[in-house]
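*Asks:* Could you build the full structure based on these sequences and the hints that come with them?
Protein sequences, first through last, are from chains A and B. Position 307 (the first sequence) corresponds to 307 in our numbering; numbering is contiguous. Position 402 (the second sequence) corresponds to 402 in our numbering; numbering is contiguous.
A couple of the hints might just be wrong.
[To be verified] In silico DSS-like cross-links for lysine-lysine, where the CA-CA straight-line distance does not exceed 27 Å:
{"no.": "1", "chain 1": "B", "residue 1": "280", "chain 2": "A", "residue 2": "438"}
{"no.": "2", "chain 1": "B", "residue 1": "456", "chain 2": "A", "residue 2": "89"}
{"no.": "3", "chain 1": "B", "residue 1": "89", "chain 2": "A", "residue 2": "456"}
{"no.": "4", "chain 1": "B", "residue 1": "456", "chain 2": "A", "residue 2": "44"}
{"no.": "5", "chain 1": "B", "residue 1": "44", "chain 2": "A", "residue 2": "456"}
{"no.": "6", "chain 1": "A", "residue 1": "458", "chain 2": "B", "residue 2": "280"}
{"no.": "7", "chain 1": "B", "residue 1": "44", "chain 2": "B", "residue 2": "228"}
[Unchecked claim] Listed next, with one range per pair, are the computed distances between beta-carbon atoms:
{"no.": "8", "chain 1": "A", "residue 1": "385", "chain 2": "B", "residue 2": "453", "range": "32 to 40 Å"}
{"no.": "9", "chain 1": "B", "residue 1": "299", "chain 2": "A", "residue 2": "88", "range": "50 to 58 Å"}
{"no.": "10", "chain 1": "A", "residue 1": "459", "chain 2": "B", "residue 2": "436", "range": "38 to 46 Å"}
{"no.": "11", "chain 1": "B", "residue 1": "290", "chain 2": "A", "residue 2": "304", "range": "52 to 60 Å"}
{"no.": "12", "chain 1": "B", "residue 1": "312", "chain 2": "A", "residue 2": "295", "range": "48 to 56 Å"}
Because the hints were derived from the structure by calculation, they are not lab data. None of the values given here were measured: they were computed from a predicted structure. Backbone N, C-alpha and C fix where the C-beta goes; we use that ideal spot for every residue, glycine too.
Protein chains: 2
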Amino acid sequence: MSYYTGRTMSSHGATWNRVPLNIGEVTLGEYLANTGRSLALAGKTHVIVDDRGIERMNLIARNSELAARFATGHFVELDRYDGHHEPGKESGYPAYLRAHGYDSARPWSDFVISVEDDRLQPHSGWKMRNVHWPARVAEQHSETAYMTDQAIRHIEHEGDTPWALHLSYVKPHWPYVAPRPYHNLYSLDQCLPLQRRHTELADAHPVLRAYREQEECANFAREEVSNKIRPVYQGLIQQIDDHLGRLFDTLEKLGRFDDTLIVFCADHGDFLGDHWLGEKELFYDTVQRVPMIVYDPSPRADGTRGTCEQRFMSNIDIVPTVLDALSLPGCNERIEGRSLLPLTRGEPVTDWREFVVSELDYSFRQARLTLGRQPGECRGWMVRNARWKYVHWLGYRPQLFDLASDPHEYADLGADREYEPIRQVMHRHLGEWMAESKTRVTLSDERVRETTNNHKSKGVFFGEW
Amino acid sequence: MSYYTGRTMSSHGATWNRVPLNIGEVTLGEYLANTGRSLALAGKTHVIVDDRGIERMNLIARNSELAARFATGHFVELDRYDGHHEPGKESGYPAYLRAHGYDSARPWSDFVISVEDDRLQPHSGWKMRNVHWPARVAEQHSETAYMTDQAIRHIEHEGDTPWALHLSYVKPHWPYVAPRPYHNLYSLDQCLPLQRRHTELADAHPVLRAYREQEECANFAREEVSNKIRPVYQGLIQQIDDHLGRLFDTLEKLGRFDDTLIVFCADHGDFLGDHWLGEKELFYDTVQRVPMIVYDPSPRADGTRGTCEQRFMSNIDIVPTVLDALSLPGCNERIEGRSLLPLTRGEPVTDWREFVVSELDYSFRQARLTLGRQPGECRGWMVRNARWKYVHWLGYRPQLFDLASDPHEYADLGADREYEPIRQVMHRHLGEWMAESKTRVTLSDERVRETTNNHKSKGVFFGEW
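*Replies:* As C-alpha cells, then:
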C-alpha cells in the first residue's frame, strides 16, 4: 500500500496483508484515473475492499461500479493472480492451463506448484523438501511466462494510445517451485553465501527470538533447508530476468522506450536462512534492500543511464515519480515520498533524505502470541542512515547495527552502553520522521496559502481595538 | 474534531478550523446513528464537508442523503449557529430576533454583537474598545439564552425516548459582547489577575515572538485592552452558568438525571492578555486547561460525585466515554482516547496516562508568514506531565516549563543546558505517544486476534519442510 499510495504504513494504516486500505486513502490507480490512459493490472496485488468503509458510504447498494473500482485499486484487471492459492475466476490461468493439456480441476496445485521426481511421481511444492525437482508445468506455461504473455499481448494491443500497466509477478516467492531448466540451473556455490553467525543467537532480541520459533524460521535455520531452496530461488530470479528480456524486446520493437517510464521493484526479499530466519519480515538488509530500477525515457536522463544511485530510495517515492513523469498534480498534502526524476535527470538536489525508515506490525504473526502481546503493541521502526541501522520496538530494547564495521549485521549493539549517543541520534531521526507525516490530507498546501490569515475577508474581525 | 472522533489531531488530520475531516474518519454522530436514539445539534459545530472525499465517493450525484449527513456530522441540526458571522438559513435565530422586535436585515450585526452607549448610540462589538457597553439585544434574546431555549424545548419534546444532544454555546467568545446585566456585573478586581511578566519578552521563543506580532496579541498586550475585556468575559461566564442552571432544572424536572450522561467541556480558553497574547493558541495552561465536568448518572458513580479528578483528561476521551456509557462497541482500533467511566466510578485503574499531549498547526496564521515557513512545517506538540510542560516545535528550539516552581509558566527553560535531561525524557514521551497512534483503523483488534497465524486454514503452507 505504500507503493500504491506514496505514503508510509503509519499514514495509510494498511499494516499487513489483508488489512484493507481505508477508503479515505487515494491510490495510484485513482490518481491516474481520468488522465486519458488505460489502466491495467496483470498479476498479483494486495488491494482488498474496505468493507466497513464501503458500507459507511452506502456504496454496495447504491454505487456498485465505484465499489468495484475500489476493489481493484481503480485498475482494470487483465488477469489478477496472487499465486498463493488455486486461482479462481479472477484469473484466466486455470483455463489456460487446461487448454494446454494440464487436465485437472486444480491445475495450479497439481501442476504449477507440484514437482515430479525421477520416477515421474508428483509431490507438493509446498513441502520445501521437494523443490529440487522440476515443476510439473512446462516453462512456457509457468506463472512467470504466462503473466509476461498477458503483458505483451496487452501492450501490443494498446499500440500508441497511452496506458499504464501494473505488471506484478509472483515469483520468485514460495512455493519455491521452478520449471525446467530453472530448477537446477544453479548450484549452491553460485548462490549468495548464508549470512548468519552462531553469535547472533546469544542474547538475541526478544522479537527475533520469537520469530525464530516460527515454523519457517525454524526450518530455514537448518542448512539442509537453505541449501535446497537457495539454488531454486536463484533459478527463479534467472527466469524472471529472461522473461523481462522478452518484455523489453516488445517495448523496443514498439518504440515504447521513447515514451514509457519503467519502474522495476520488489516488495520484499527472502531470508532463505540468513540470520537464522525465513520469510521476509524484520529489518535486515536481506529483506529490506529490494531492487529499484527506474528507466526514465526523457533525454534529460541520458546522463545517468546505467548508473547506480547511492542515495536512499523508498517505496513511497514511486507514486510521486509517476505523477511527476506525467506532469500530474503532486498532491503534496497527502503524498509523503519524493519524485525520483530529479535524480534520474542529474539535477542538483541538496535536501535529499539522509535516512530512510521502514515499519513492521507483527500483530498477525505467531510471534505476537509467543511474546504475549496485544494487537497494536507489536510495532517496530527501522531508521537507517549511511552508517547506522537503528530499530525502535514498542516494549523492547532497541537494536543497532554499525554497517561500516559490520555490513552483514551480525552484531546487535542495541544494548551496548557505549552506543547510547548513537541510538539517541537515530531515535531523534525517527521522531523527526513521525513529526513530518502528512495528516492534513483534505486540503492542499496551495489552499492553505490562499486562506492564511484571511479571516477579515470572511467578515471575522477578532482582536481589533 | 478530536472531541468528535476520539482521535488526536495527528490521526484525524483536521489541523485547523475549515480543514475538512477526511471522509475515512468516523465521528460521534456516526457512532451513535442507528443506536435507537435521536441525534440533535443546537449551536456551533466545526463540521464541514470533505468536498474532495465526497466527490471521490460520487456522493453528490448519487447519494445526496448520505452526503448531507456528512455535512452535519450525522446529527440533525435543530439550530446550527456559529456566532462568527451573520447567521444564515441554518439557524432560526435571525427570524426569532425579528419576531421579537429586532428590526433589521442583519439583526446579529445590528443588535446581538452591537452595543449601545450612554446616549443609546450603537457601536460594533467587533471593536474591543466598545465592549464595556451592553449589547443591544436583551438578555432573554441573547445567543446563550436562545440556544438554551432550543435545547430545553427539544429535551421536553423528546420526553422519555432516548436522545443525544450536542448543545454547543458560542459564548464566552469574541465578539466579547454581553447583554445587560452581564456586561458590567464584574469589576476588574473580581477577575483573575493578568498572568504575564516583562521577562517573558526577553529571548522569547521565535514562534511566540511571531504570534505576539499578530493584531489580537499586540492589542491584548496593552492593559487598556485586557482591563476592558476581562470583566465582560467574566460576565459571559456567569451568563452561561445561569442558563445551564435553567437547563439542569429542566433535566431534573423530567427525571433525566437518572439516565443522562452529561459532559460539559470547552474547546479552548482565551488568553485575554496572559503571556502578552490574545486568542487561544499555543500551549499555556490559560488556553489548554479547559473545563471538563462529567456527570455519570450511574449509582456506581455516587462515590465520586462532586470530587475533582487530578489525573489527565483529554478531549479524545469523550467519544469513548459516550460509547462506554451506552455499552456500544469501543472501536479500539480507531479510537485513541479512553473512557472516563472507570474514573467516575472509582474503579481501580493502574495504567492511566502519565502525560497528556496537545498539538498545534499554525499554517493558517500570520505567524507562518512572519516566520517564512511553508504549510506542513508549522507543527508543535506539547507534552505535559505532573511536573513538566515540554513543547517540541518543527524547526525551532523546544520550550520547557517547571510547573512546580513556576506554575504560571513565566520561565521558559527550553534553551537551558541544565534541563537537557528533562527535555530528553519529555521528548521520549512524545515519541511513545506518536508510536501508539492508531493506524490500522479498518480492522478490529478482535479480527486481528481471530486471524493471527491462520494462513494454513486458508490453504497457504509456506515454510513447511
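*Asks:* All hints, please: hold or fail.
*Replies:* Quick rundown of the hints versus the structure:
1. A threshold of 27 Å between alpha carbons decides the hint, and for residue 280/B with residue 438/A the separation of about 24 Å falls inside it, so the pair holds.
2. A threshold of 27 Å between alpha carbons decides the hint, and for residue 456/B with residue 89/A the separation of about 22 Å falls inside it, so the pair holds.
3. Distance hint between residue 89/B and residue 456/A is fulfilled; the C-alpha atoms sit about 22 Å from each other, no more than 27 Å.
4. Annotation: proposed proximity of residue 456/B to residue 44/A holds, straight-line Cα distance about 20 Å (limit 27 Å).
5. About 20 Å separates the Cα atoms of residue 44/B and residue 456/A, which keeps this hinted pair within 27 Å; it holds.
6. A distance of roughly 19 Å separates the Cα atoms of residue 458/A and residue 280/B; the hinted pair therefore holds under the 27 Å criterion.
7. Taken as a hint, the residue 44/B and residue 228/B pair is honoured in the structure, with Cα atoms around 26 Å apart against an allowance of 27 Å.
8. Distance hint check for residue 385/A and residue 453/B: the Cβ-Cβ separation is about 34 Å, which falls inside the suggested range of 32 to 40 Å.
9. With their beta carbons about 56 Å apart, residue 299/B and residue 88/A fall inside the hinted range of 50 to 58 Å.
10. Between residue 459/A and residue 436/B the CB atoms are about 41 Å apart, so this pair conforms to the stated range of 38 to 46 Å.
11. Under the hint 52 to 60 Å, the C-beta atoms of residue 290/B and residue 304/A, about 56 Å apart, fit the expected range.
12. At about 54 Å, the beta-carbon gap between residue 312/B and residue 295/A stays in the expected band of 48 to 56 Å.
Consistency with the previously given hints is maintained throughout, with no hint failing.
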